[in-house]
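2 protein chains.
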Amino acid sequence: MTFTRTTEYALRALGYMASREGEMLSADQLHAKLKIPKKYLQRLLTDLKRSGLLKSVRGRNGGFILSRRTGDITLAEIVHAVEGTRTRPECFFGFAKCALDVPCAMHDVWIRSQSTVQEALQTTRLADIAGTTFR
Amino acid sequence: MTFTRTTEYALRALGYMASREGEMLSADQLHAKLKIPKKYLQRLLTDLKRSGLLKSVRGRNGGFILSRRTGDITLAEIVHAVEGTRTRPECFFGFAKCALDVPCAMHDVWIRSQSTVQEALQTTRLADIAGTTFR
DNA sequence: GTAATATGCTACCCCAATATAGTATATATT
DNA sequence: AATATATACTATATTGGGGTAGCATATTAC
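Protein sequences appear in the order of chains G and V.
Taking this note's numbering, I'd label the letters of the first sequence as residues 31 to 165.
Taking this note's numbering, I'd label the letters of the second sequence as residues 31 to 165.
Please keep in mind that the hints were generated in silico from the structure rather than gathered at the bench.
Do not take every clue at face value.
[As the list claims (entries may be wrong)] Now the in silico label distances, taken between C-beta atoms and shown as ranges: (1) G/98 <-> V/114: 35 to 45 Å; (2) V/59 <-> G/76: 49 to 59 Å; (3) V/73 <-> G/97: 45 to 55 Å; (4) G/87 <-> V/68: 24 to 34 Å; (5) V/141 <-> G/53: 30 to 40 Å; (6) V/73 <-> G/92: 26 to 36 Å; (7) G/34 <-> V/114: 51 to 61 Å; (8) V/97 <-> G/36: 36 to 46 Å.
In this text the structure is predicted, and so the values were computed from the model without any measurement.
Glycine included, C-beta positions come from ideal geometry on N, C-alpha and C.
Based on the sequences and whatever the hints tell you, model everything.
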């Protein structure tokens, strides 16, 4: 249960945008604020737009803006948008049969830890993390 | 908190070796049993030897053998040997200051989940997973 | 002493995630 | 109309994990 750097970027960017709900922010502004590689961020934002989480406006004074209310977007949704349907291993060791009949020693701990995070992702919303780092 | 495939390989290999404690096993035997790419496994085993977890014997009838008792080696130790001191982010989002003064919304869940697994790694020993998959 | 079977070592190749560069296109300001 | 500032798109490095190949070296069996 680790996320790619890209996912981290997405959460950071959207988290910041949540703290300025209603404002249109350009990739450049976000880059300056969040220190995420400019061009990479640009593409990521475009992707997030394509996935429906953001709206974009081209041209001067353009930028990106959340397409829904911050209280309405779960972190799980964001992770899913960025990572797609990445199948996670059911067993800690990648043992094929473990989960079925012969749980390995780490099985319980692993599953519990996974679902803890997973549930948190589903219940935590953008509004909950808005501006965490920017005070 | 996900591990590389290499770490998984190491845990698999050592787990199997634990189930045959005291026997000298060649990279080839392990490869045949565990379906881990031969050459890659070879190198991994050499690394594990260099890190002190295994002893090796060259030449005919040579191979690898655990250098300590299975009840004496923690999984944490193995992970550390393979991954080195990979610093994990303390904050779920990679927010620099989060852990310090302004915990993010995911902080507690994240830390708790991380340390749950971490503790399990420190308390689970090779003896506990010996031969898990091989019945 | 030669063949067979091991580990040890070095140099590659492949691929996906990450990152960069350049150009095309849209729009507001002047 | 021209300029400045945006996004959109495409192509191209870069990097690290994973994997392969070949030869050197050590040891046992014969």
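Violated hints, by number in ascending order, as checked against the structure: 4, 6, 7
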